[in-house]
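Work out the full structure, taking the sequences as your base and the hints as a guide.
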Amino acid sequence: MEHSNPLLRDNDSTQKFITIGEIMLRLTPPNYDKIRMATSFEASYGGSEANIALALANLNVDSTFFSVVPNNSIGKSAIRMLRSNDVHCTPMILSTPQQTPTHRLGTYYLETGYGIRPSKVTYDRKHSAFAEYDFDNVDLDALLDGFTWLHLSGITPAVSPKCKDLILNSLKVAKEKGITTSFDGNFRSTMWTWEEARDFCTECLPYIDVLFGIEPYHLWKDENDHSKGDWKDGIPMQPSYEQQDEIFQRFVERYPNLKCIARHVRYAHSGSENSLKAYMWYENHTFESKLFTFNILDRVGGGDAFASGLIYAIMHDYKPMDIVNFAVASSAIKHTIHGDANITDDVDTIRNLMNMNYDIKR
Numbered sequence: 001m002e003h004s005n006p007l008l009r010d011n012d013s014t015q016k017f018i019t020i021g022e023i024m025l026r027l028t029p030p031n032y033d034k035i036r037m038a039t040s041f042e043a044s045y046g047g048s049e050a051n052i053a054l055a056l057a058n059l060n061v062d063s064t065f066f067s068v069v070p071n072n073s074i075g076k077s078a079i080r081m082l083r084s085n086d087v088h089c090t091p092m093i094l095s096t097p098q099q100t101p102t103h104r105l106g107t108y109y110l111e112t113g114y115g116i117r118p119s120k121v122t123y124d125r126k127h128s129a130f131a132e133y134d135f136d137n138v139d140l141d142a143l144l145d146g147f148t149w150l151h152l153s154g155i156t157p158a159v160s161p162k163c164k165d166l167i168l169n170s171l172k173v174a175k176e177k178g179i180t181t182s183f184d185g186n187f188r189s190t191m192w193t194w195e196e197a198r199d200f201c202t203e204c205l206p207y208i209d210v211l212f213g214i215e216p217y218h219l220w221k222d223e224n225d226h227s228k229g230d231w232k233d234g235i236p237m238q239p240s241y242e243q244q245d246e247i248f249q250r251f252v253e254r255y256p257n258l259k260c261i262a263r264h265v266r267y268a269h270s271g272s273e274n275s276l277k278a279y280m281w282y283e284n285h286t287f288e289s290k291l292f293t294f295n296i297l298d299r300v301g302g303g304d305a306f307a308s309g310l311i312y313a314i315m316h317d318y319k320p321m322d323i324v325n326f327a328v329a330s331s332a333i334k335h336t337i338h339g340d341a342n343i344t345d346d347v348d349t350i351r352n353l354m355n356m357n358y359d360i361k362r
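Numbering-wise, UniProt numbering puts 182 at position 182 of the sequence shown, and it's gapless, one number per residue.
Hints should not be assumed to be uniformly reliable.
Stated by the list, open to error - Distance windows between CB atoms, simulated:
#1 G115 - I337: 14 to 22 Å
#2 H226 - G146: 40 to 48 Å
#3 R117 - I235: 22 to 30 Å
#4 Y123 - N284: 37 to 45 Å
Derived from the structure by calculation, the hints contain no laboratory data.
Even for Gly, the Cβ is constructed at its ideal location relative to N, Cα and C.
Here it is as structure tokens:
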């Protein structure tokens, strides 16, 4: 008997998406409590790449996630959560204590911000199964066979030297196989230094088609004389259209393989209210989205929701302005959902927000 996902039976798209990264246990004190006051924690699972796989699967994209988790109840629970959201987990590795001696799933603790108090993340992911696994044993050509889109991030290479090799080699294999590649720098200061992140992520740029964010990368004004500075030096966190357009042009001049560059810009009015907009370079032009203002239930994963929205819109041949607005609307909706991922299974909900339509859907 042939088994298939019933939600994909009416999906005639040839797009097959895969992403690689670490999934973690997330522990959150309820009711906006601080960790030092907590007597209980809400458990869920997340991680940048897993969040994107979950979001796309819920939007009916054939989506696969590759990771390593310990072969114990916690690792199996993480896989069960992914499968319950229609993410394919066939390539997932359930490691043994011999393969990953510490034999644990990475964990992070989230204090959810409120009002003037920002959210705070504390990682406990050192020596996780994903960090300890020897990826030299993975046949990347076989792993990526049949997929049309590969997404990676700058978080995974910060986990361990083996993970660095995994990400760069995956990009090279994907390029050889003609797979569309996307990459989100996602700098994490608790995992590696700014210069380490810039050095590695810059190595990845020649193999990337769709780039999220403009950091952490070197974009030297003179490759032979770094004292002349980086083109991004002095660019504010909330740039003007002209400033952003110039940076996009510099990236494309240096890396003509880039087909799209997108970044969202956040305006934090408080820990509970933010605004978002985005800039995107696509088809030789820079586009600026609408500005979305919203109250925050859970901010974690907002950038991943932006990325998944943009990937979805490109896959479905949206017009450029619709691509960037759909991506920002996806992120805005995520801020109203508990957990890491944008578990939204109704494209029309995102499109209504994209068009600033807040009426009840009946």
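Taking the hints in turn, this is what the structure says about them:
1. G115 - I337: 14 to 22 Å: holds, 20 Å
2. H226 - G146: 40 to 48 Å: About 42 Å separates the Cβ atoms of H226 and G146, which means 40 to 48 Å holds.
3. R117 - I235: 22 to 30 Å: holds, 29 Å
4. Y123 - N284: 37 to 45 Å: This hint holds: roughly 40 Å between Cβ atoms.
The structure agrees with every numbered hint stated previously.
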